[in-house]
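**Q** Here is how the chains run, residue by residue.
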Amino acid sequence: MNSSVIVFPGSNCDRDIAVALEKLQFQNKMVWHKDTSLPKSDLIVVPGGFSYGDYLRSGAIAAKSNILNEVIKAANDGCLVLGICNGFQILTETGLLRGVLLRNINLKFLGKDIYVKAVNIDNKFCNKYKKDQLLRLNIAHNEGNYFTNPNHLKELEDKNLIPFKYCDENGNINEQSNPNGSLNNIAGIFNEKKNILGIMPHPERMVDQIISNNDGANLFASLLN
Amino acid sequence: MKVTLKKDVLDPQGNVVQQTLQNMGMDTLKNLRQGKYFEIEINENDETKAKSKIKDMCEKLLVNLIIEDFEISKI
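Protein chains in written order, with our numbering: chain D, 1 to 225; chain W, 1 to 75.
This is chain D alone, in the form it adopts within the complex (with noise of 0.2 Å):
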């Protein structure tokens, strides 16, 4: 499978996301925002790090590069895209995924680990989860706090376009394990079609026992399935 991460000034996942990809057997290519094409790719990965250094909002600037153009274009042909942390602002800026993402209520930068609940694995990035399977992964972000229109909300839970919810290590979803505010625990959004997934939390730091944990390997293994 062929995948493509896309660097921008200020990211600072892309060679977390290589290295994940790459473990998983995927042939990876890293694309400059500049770029005007796109190598042939199943997958695009927007990755986390600080583009542009969250100037006027977080992934606002780089929702307008030249490559985004280019994934737009992709997605919306029903390419595979990713985005993780300051992917996903990116890609809630661009207008593929709904919504936006907040400020944490609580006003700190949240960098720990927490435990996301698999509460839709029906998709092609986590069938090889078990359903309401607990992951522990990874945050660490400033803008966390998923936030849509009442309607769109319920678009998301009654057509199952919502992967990930925050939860404790016993899996309840409740305030108390909802670490930045985020409607409903949302730690992750589809689209309607499902090709696009954006979450908060970095699968890509999970995917060797050495440093952390496997949790998140078998979100690109899925996509291998």
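Hint data in this document are derived by calculation from the structure and do not stem from the laboratory.
Straight line, CA to CA, 27 Å or less: simulated DSSO-like cross-link-like pairs of lysine-lysine: (1) W:K55 x D:K64; (2) W:K6 x D:K154; (3) W:K36 x W:K55.
Restraint-style ranges between C-beta atoms, simulated for each label pair: (4) W:D27 x D:I210: 49 to 59 Å; (5) D:V19 x W:E71: 40 to 50 Å; (6) D:N225 x W:L29: 54 to 64 Å; (7) D:I211 x W:M57: 43 to 53 Å; (8) D:I105 x W:D56: 25 to 35 Å; (9) D:E175 x W:Q13: 18 to 28 Å; (10) D:V19 x W:K30: 48 to 58 Å; (11) D:Q209 x W:N43: 57 to 67 Å.
Glycine included, every Cβ here is placed at the ideal spot set by N, Cα and C.
Place chain W on chain D using the hints.
**A** Okay, now just chain W, sitting in the frame of chain D:
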């Protein structure tokens, strides 16, 4: 150009600022919301045209219409 958060969007920053002012004894303070302000110079003498160009800038980049409102005024 003034950017404000829409009414039904939580403003945790504004809340903290409000709380702090209230803790400082500003007890007449009723409500506080934090926003952004842009000063924009534009090469256009016609005011209506200038405003419509700035509106375009707002809608395409400066403002996230899902959560923010904006107001353009001449200074």
